[in-house]
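S.K.: Could you slot chain W onto chain H? The hints should help.
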Amino acid sequence: MPVQVRIPTPLRRLTNDQDLVTVEASTVAEMIEKLEEQFPGVKQRLYDESGQLRQFINIFVDGEDIRFLNGLETPLKESSEVSIIPAIAGGIIN
Amino acid sequence: MFVARYDRQMRIDGWGVEGQRKLREASVAIVGIGGLGCPVALYLTAAGIGRLKLIDADVVDESNLNRQVLHWTSDIGRPKPESAREKLQQLNSDVEINIACDRLTDENADVVLGDVDVIVDALDNFPTRFVVNSYAVRSGKPLFHGAVWGLEGRATTILPGQTACLSCIFKASPPAEVFPVVGTTPGIVAMIQATEVIKYFTGIGQLLLNRYLIYDGEAMSFHIVRLKRDPNCPVCGFSGR
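Protein sequence lines correspond, in order, to chains H and W.
For this note's numbering, add 133 to where a residue sits in the first sequence, where the first one is 1.
For this note's numbering, add 28 to where a residue sits in the second sequence, where the first one is 1.
Rather than coming from a laboratory, the hints here were simulated on the basis of the structure.
In this text, a Cβ means the ideal position worked out from N, Cα and C, and glycines have one as well.
Hints are not guaranteed to be accurate.
[Stated by the list, open to error] Chain W stretches covered by chain H per the calculated footprint, using a threshold of three residues with CB under 8 angstroms from any CB of chain H: (1) 42–50; (2) 159–172.
[Stated by the list, open to error] Here are some, though not all, of the chain H residues that point toward chain W, as calculated from beta-carbon distances under 7 angstroms: (3) P143; (4) D152; (5) Q188; (6) F189; (7) F193; (8) F201; (9) S213; (10) S216; (11) I221; (12) A222; (13) G224.
Here chain H stands alone, though its shape is the one from the complex:
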């Protein structure tokens, strides 16, 4: 089913500058796979080497953090809005 994904500014260069992207997916994990198909490179920005969501990245489904739902298996509904929210301003390299 079509869901809307809100892309954070740091990832927008990978989505042709689109801030909202529509993909067909029934779980958050599937949504990430579909994003990767459309916009190669996104998955690597979200997952670490062991295939887990990077610790400084949060994903919200309809305003709720998936860590308090069902993680990457959180189901998506028709017209769900997903927000990808990385921590920003990681620090200056001196």
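M.R.: Just chain W now, with coordinates in the frame of chain H:
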């Protein structure tokens, strides 16, 4: 007792002499006197906050001047708290301005932040944010968080024990980088933080509690996601206690 300086804000419903008195009795630490910290300090000084403590270990660099609006060309090389204090004192001599040219650590946080009521997180890096967050939780002091990247900004107000803390939200620091930023982004986020500080002390309105506000300057939109305390948070967790 208050001069014309504060007349227009005292006309706000619920503010009055009493609200102004509460502001005058308030003390606020601003951690980071950069893109976020400069406008927060400027507007809290204009509003007549009682005492500010400006905390930053850095000196002004030319690359700061696109956004750190209290630091001017002739300030390059000066400690940021000193540079900021000089202008703030000219704006409003009612406000007591303390400075600390320290880098905050778990070891010095109790001393450096011990004499203020609330803390503004105006930092540019997560390791120090986590130090400040831990201190806020330990001391129970409100923490006003802001962060920026490019044309995107974030803000939330943390009341330890009542709301999610920074470590409930983020489990690790993002990678260090020289991140892009235009001055207007921290300007907007700083105004949200300063507004929250003023609301906290005057009691006006509803605070940005358990809500993470995202400013998207590219799309020019704001949206909010809901935050929850993490029972297993390593800093403020309450499971099993």
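S.K.: Run every hint past the structure and note whether it holds.
M.R.: The hints, checked one at a time:
1. For the stretch 42–50 of chain W, the stated coverage by chain H is violated: 0 residues have a C-beta nearer than 8 angstroms to a C-beta of that chain, whereas at least 3 were required.
2. Coverage of a stretch by a chain is defined here by at least three residues with a beta carbon nearer than 8 angstroms to that chain's beta carbons; for the stretch 159–172 of chain W and chain H the count is 0, and the condition is violated.
3. At its closest, the beta carbon of P143/H sits 6 angstroms from a beta carbon of chain W; the interface hint therefore holds under the 7 angstroms criterion.
4. At its closest, the beta carbon of D152/H sits 4 angstroms from a beta carbon of chain W; the interface hint therefore holds under the 7 angstroms criterion.
5. A least Cβ separation of about 4 angstroms between Q188/H and chain W falls short of the 7 angstroms threshold, and the interface hint therefore holds.
6. The beta carbon of F189/H comes within 4 angstroms of a beta carbon in chain W, closer than 7 angstroms, and the hint placing it at the interface holds.
7. Nearest Cβ of chain W to the Cβ of F193/H: about 4 angstroms, under the 7 angstroms cut. The hint holds.
8. With its C-beta approaching chain W no nearer than about 6 angstroms, F201/H sits inside the 7 angstroms limit, and its interface hint holds.
9. The interface hint given for S213/H is broken, as the beta carbon of that residue sits about 13 angstroms from the closest beta carbon of chain W, more than 7 angstroms.
10. For S216/H, the interface hint holds, since its Cβ comes within 7 angstroms of a Cβ in chain W; the closest pair sits about 6 angstroms apart.
11. Interface hint status for I221/H: upheld, as the beta-carbon distance to the closest one in chain W is roughly 4 angstroms, under 7 angstroms.
12. Residue-level restraint check for A222/H holds (minimum Cβ-Cβ distance to chain W is 5 angstroms; threshold 7 angstroms).
13. Given hint, G224/H at the interface with chain W, holds; its Cβ is 3 angstroms from that chain's nearest Cβ, closer than 7 angstroms.
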